[in-house]
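If you're matching them up, the sequences are chains A and B in order. Residue numbers for the first sequence follow our numbering, so the first one is 1 and each next one is one higher. Residue numbers for the second sequence follow our numbering, so the first one is 1 and each next one is one higher.
Simulated from the structure, these hints should not be mistaken for laboratory data. Note that the structure is a prediction, hence the values are computed from the model and not measured. Just so you know, even glycine gets a beta-carbon here, dropped at the ideal spot from N, CA and C. Watch out, some of these pointers could steer you wrong.
According to the in silico footprint, chain B covers these stretches of chain A (three or more CB under 8 Å from chain B) [said to hold, decoys possible]:
1) 18-31
2) 96-108
Between beta-carbon pairs, the in silico distance windows are [to be verified]:
3) S283(B) / E176(A): 26 to 36 Å
4) E176(A) / W279(B): 24 to 34 Å
5) R448(B) / E89(A): 25 to 35 Å
6) L277(B) / E176(A): 31 to 41 Å
7) I84(A) / L193(B): 46 to 56 Å
8) R67(A) / G452(B): 30 to 40 Å
9) R364(B) / R67(A): 48 to 58 Å
10) Y120(A) / W279(B): 22 to 32 Å
11) G85(A) / R253(B): 11 to 21 Å
12) G452(B) / G85(A): 31 to 41 Å
13) M211(B) / Y120(A): 54 to 64 Å
14) F248(B) / E106(A): 32 to 42 Å
Under 8 Å between C-beta atoms, here's a sample of chain B residues computed to sit facing chain A [claimed, not checked]:
15) H260
16) R263
17) T264
18) I266
19) A267
20) E268
21) R270
22) A271
23) I272
24) E274
25) F275
26) W279
27) D282
28) E290
29) I294
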Amino acid sequence: MRLLLVEDSDRLRGIVAKALRRTGYRVDETGDGKEGLDLAQDHDYDVAILDIMLPSLDGLTILERLRGDGIDTPVIFLTARDGIGDRVEGLRRGADDYLVKPFALEELLARIEALSRRTYQKSSNEVRVADLLLDGAAKRISRQGSPLDLTSREYALLEYLMLRAGHVVSRAQIEEHIYDDFVNPMSNVVDSAIYTLRRKIAIDADSKPLIHTRRGQGYILEER
Amino acid sequence: MKSSRRRLTLLLLGGLFVIWVLAACGIYFSQRHRIISDLDAKLTLEARSVKFAARGNDENAPKSIAARRLQERLPEYDSSDGDAFFQIWNPAGETEEKSASLGDRDLPWPGSLIGNSPVFKTAQLSDDVTVRLISIRAGGPGKAKGKSRRSSFAIAAIGLDATDMQRSLSHLMTGLLAVGLIVLGSTALLVNLSLRVGLAPIRRLAREAGMIDTDTLDSRFDGEQAPSELQPIYAQLNELIGRLEEGFDRERRFSADLAHELRTPIAELRAISEFALKWPEDSDEDTREETFAIAEQMESIVDTLLTLARAESGHARPDQQPVDLGLLVDELWEPLRQTADERDLLLTKEGQPPVWTSDKRFLRHIIGNLLGNGVSHAPNGAQLGLAWASNALEIRNPAPDFPSDQADRVFDRLWRADRSRTGNSHSGLGLSLARTCANILGLELTARHEGGDFIARLAQPEESHAAG
Numbered sequence: 001m002r003l004l005l006v007e008d009s010d011r012l013r014g015i016v017a018k019a020l021r022r023t024g025y026r027v028d029e030t031g032d033g034k035e036g037l038d039l040a041q042d043h044d045y046d047v048a049i050l051d052i053m054l055p056s057l058d059g060l061t062i063l064e065r066l067r068g069d070g071i072d073t074p075v076i077f078l079t080a081r082d083g084i085g086d087r088v089e090g091l092r093r094g095a096d097d098y099l100v101k102p103f104a105l106e107e108l109l110a111r112i113e114a115l116s117r118r119t120y121q122k123s124s125n126e127v128r129v130a131d132l133l134l135d136g137a138a139k140r141i142s143r144q145g146s147p148l149d150l151t152s153r154e155y156a157l158l159e160y161l162m163l164r165a166g167h168v169v170s171r172a173q174i175e176e177h178i179y180d181d182f183v184n185p186m187s188n189v190v191d192s193a194i195y196t197l198r199r200k201i202a203i204d205a206d207s208k209p210l211i212h213t214r215r216g217q218g219y220i221l222e223e224r
Numbered sequence: 001m002k003s004s005r006r007r008l009t010l011l012l013l014g015g016l017f018v019i020w021v022l023a024a025c026g027i028y029f030s031q032r033h034r035i036i037s038d039l040d041a042k043l044t045l046e047a048r049s050v051k052f053a054a055r056g057n058d059e060n061a062p063k064s065i066a067a068r069r070l071q072e073r074l075p076e077y078d079s080s081d082g083d084a085f086f087q088i089w090n091p092a093g094e095t096e097e098k099s100a101s102l103g104d105r106d107l108p109w110p111g112s113l114i115g116n117s118p119v120f121k122t123a124q125l126s127d128d129v130t131v132r133l134i135s136i137r138a139g140g141p142g143k144a145k146g147k148s149r150r151s152s153f154a155i156a157a158i159g160l161d162a163t164d165m166q167r168s169l170s171h172l173m174t175g176l177l178a179v180g181l182i183v184l185g186s187t188a189l190l191v192n193l194s195l196r197v198g199l200a201p202i203r204r205l206a207r208e209a210g211m212i213d214t215d216t217l218d219s220r221f222d223g224e225q226a227p228s229e230l231q232p233i234y235a236q237l238n239e240l241i242g243r244l245e246e247g248f249d250r251e252r253r254f255s256a257d258l259a260h261e262l263r264t265p266i267a268e269l270r271a272i273s274e275f276a277l278k279w280p281e282d283s284d285e286d287t288r289e290e291t292f293a294i295a296e297q298m299e300s301i302v303d304t305l306l307t308l309a310r311a312e313s314g315h316a317r318p319d320q321q322p323v324d325l326g327l328l329v330d331e332l333w334e335p336l337r338q339t340a341d342e343r344d345l346l347l348t349k350e351g352q353p354p355v356w357t358s359d360k361r362f363l364r365h366i367i368g369n370l371l372g373n374g375v376s377h378a379p380n381g382a383q384l385g386l387a388w389a390s391n392a393l394e395i396r397n398p399a400p401d402f403p404s405d406q407a408d409r410v411f412d413r414l415w416r417a418d419r420s421r422t423g424n425s426h427s428g429l430g431l432s433l434a435r436t437c438a439n440i441l442g443l444e445l446t447a448r449h450e451g452g453d454f455i456a457r458l459a460q461p462e463e464s465h466a467a468g
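Looking at chain A on its own, in the form it has when it is part of the complex (with noise of 0.2 Å):
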C-alpha cells in the first residue's frame, strides 16, 4: 500500500517513514504543504499523513482541496495541536483520524491499517481468499495454515492482490502502490515478483494457482 507522509520536522518525517516502510508500506514523504498537495492530487495515496502546521501550505489548507478536488483519500492529522477544537476542526474538515504528538508508532501503524481496511471495505484485519488467509495485524499470510516466506515488498504485493480479489489489478497499479517513483516503466519487475510470489504460494503440488494473468489488462486472484 502507498503511503503520503507530510511532516516538517526532518527527524520525525524520516523516522516515521522508516518505520512505515519497514512495516511493508511504500512511502512518498515530504516536509512542504505545496509539494504535499501536489503529490497528493497526482497519486492515488491508500492513506495520507499530514502534519497540520506546514511551511508554504497547512495540513488543513491541503485536506480542504484535496475534498474539494473530489479526492477522498483518507487522512490522518498528526499534529502538536491538541486542543479539542483543534482535533475538532480537523475532524470536520474531513480528515478520518488525529493523532497528537508525541505518538506511539503502533498505536500510527495500526490507525493506518484500520484506514486501509476501511478503503478496501474490509471490517477485519483478517482478508480470506480460498485457502488464503491475510493476518493484518501481524503482517503475515498463510496458505492452509501455513504461513508463506515472504519479504515485505512481496507481503505487500500479495495483501494488494488480496484486498483487490476478483478485480483486475494492472502492473502500473501495482507499480504505483508498491514500488518507488524510480522503477524504470520498461522494467519486468512487477511479472518478476508476480512470479516469485506465484511460485511461494504454490505449497505443495495440489495447490491451485491462485494468480491469474489477464493478458494486456493485468493481474487477478480469484479462486478457479
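Given the structure of chain A, go ahead and fit chain B onto it with the hints provided.
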C-alpha cells in the same frame, strides 16, 4: 486571633469609662462644693450673729447672750429633735452652754482657735447624724475696763444637720453610677452595632477575596460602593491581583510554550526509540546521533524559555558597562562561521562599530539571535550585511519569500516565517527573547522587509543617544 472589633470596642469603652468617671467626679464634687458652700454661708451668718452678740455690754455674760441670741434666731436649737446645734466652751475647753438640740451629745471640741478666722468642718454627731460645723472665737476684746481681755471670749461651735446633704450627695453618686452604667452598656451595644455596620465592607472584601483563585485572576474588586477609607485598599489589592495575574500568565505561557515546543522532539525521540526496539537490527550510528541531537535541542528549548521567563519576570537587572559591539559581533560570529561557510554565506560590515554602555549578556542574546537568524534564513551563497551607526546596528539578509507585511511578527512567540528551514533547529522563540532583552536594556529592536531583504535593526532611543 486578635479581633479588631474587640480591641476597638474595649478601647472605646475604656475611653468612655474614663471620660465618664472624670465627668461624674466633676459633677459630684461641684455639686458637693455648692451644697457645702450654701451650708457654710448659713453657718457664717449664724457665726456673725454670735460674734455680734458676744460684743455686747454685759461683760460677765457674753456666752449666755450668744447662746440666747442663737436660740432666739433659730428655734431648731431649742428643740430636742432640731437640726441646728451649738456649743460654747470657755478657753479651757469646758462646756459653758449648748443647745437643747444636742441633748446629751457634744459637738467636737474645736481646740484653741488661732486668730478670728472661722474653721469649718464636717463631723459625725452620732451614727446617723452628720453635722457641718463652724467654730469661732466668740466675744473677743470687749469695751470693759480693768478686765482681762482673755477672759472675755469663748469658743463657739455652731452646727447644722448635714445628713440631708450627705444623703443628697450619696443619691447623686448613685445616680451618676447608674447613668454611667446605662451609658456604658448602651455605648457597648452602639459601638458593637456601629462596628458591625462599619466593618461590613471589610467582610464583603474578604468574601470577594475568598472567591478569587488562580482561574479567576482576571476579576477585580469592585470598590465603587466601598467607603472612601477602603478605596486605597481596593486599589492596592487590584494592583496586587494584576501583578499576580501577570505572573501566573507568564508561568502558564512558559508551561504552554514548553509543552508545545517539546512535543515534536519528544515525538521524534519516542519514534526513534520505538523503532530501535521494534527493529534493533536497523538501529545504527545515525539513530544514536539523532537521539543526541534531539536531547541537545530539548535542552536548548528549555534554556531559552527559562531565560525568556526570567527576563519577563523582571528579575534580570542589566549590568551597565562599556561594550565594544565590533568585538562582540566577532565573538558571536565565530560559532556560526562553519555553518555560514557550508552554506557559502558571506558577512560584510559597513561603518565603524560603536561602544555602548549596556549589559553584555543581554546584547549577546540579542545580536547572537539576529546573526543566527540571518545565517539560518539567508539563501545559500547570499551575503549578510552588518551596518553600524553610532546609535544603531542593522543586520540584513536576503529573504525573497518572506511575507513583507509580517516583518514585525518575527518577534511573536513561536511565529515562524518558513518552518521548512527551521524545522528542527529553531523554536521560534529566539527573536522573541531578543526583543525582551532589548526592552530590558531600553533599546529598540525592530524588523522590516525591504527590497527582498529582511532587516533587523537594534537602536538606542533618540534621547539616550543625544544624552550619550
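Now the hints, each set against the structure:
no., hint, in the structure
1, 18-31, "holds (count 4)"
2, 96-108, "holds (count 7)"
3, S283(B) / E176(A): 26 to 36 Å, "holds, 31 Å"
4, E176(A) / W279(B): 24 to 34 Å, "holds, 26 Å"
5, R448(B) / E89(A): 25 to 35 Å, "holds, 33 Å"
6, L277(B) / E176(A): 31 to 41 Å, "holds, 32 Å"
7, I84(A) / L193(B): 46 to 56 Å, "holds, 54 Å"
8, R67(A) / G452(B): 30 to 40 Å, "holds, 36 Å"
9, R364(B) / R67(A): 48 to 58 Å, "holds, 49 Å"
10, Y120(A) / W279(B): 22 to 32 Å, "holds, 26 Å"
11, G85(A) / R253(B): 11 to 21 Å, "holds, 19 Å"
12, G452(B) / G85(A): 31 to 41 Å, "holds, 37 Å"
13, M211(B) / Y120(A): 54 to 64 Å, "holds, 58 Å"
14, F248(B) / E106(A): 32 to 42 Å, "holds, 38 Å"
15, H260, "holds, 6 Å"
16, R263, "holds, 4 Å"
17, T264, "holds, 5 Å"
18, I266, "holds, 4 Å"
19, A267, "holds, 4 Å"
20, E268, "holds, 5 Å"
21, R270, "holds, 5 Å"
22, A271, "holds, 4 Å"
23, I272, "holds, 5 Å"
24, E274, "holds, 4 Å"
25, F275, "holds, 5 Å"
26, W279, "holds, 6 Å"
27, D282, "holds, 6 Å"
28, E290, "holds, 6 Å"
29, I294, "holds, 7 Å"
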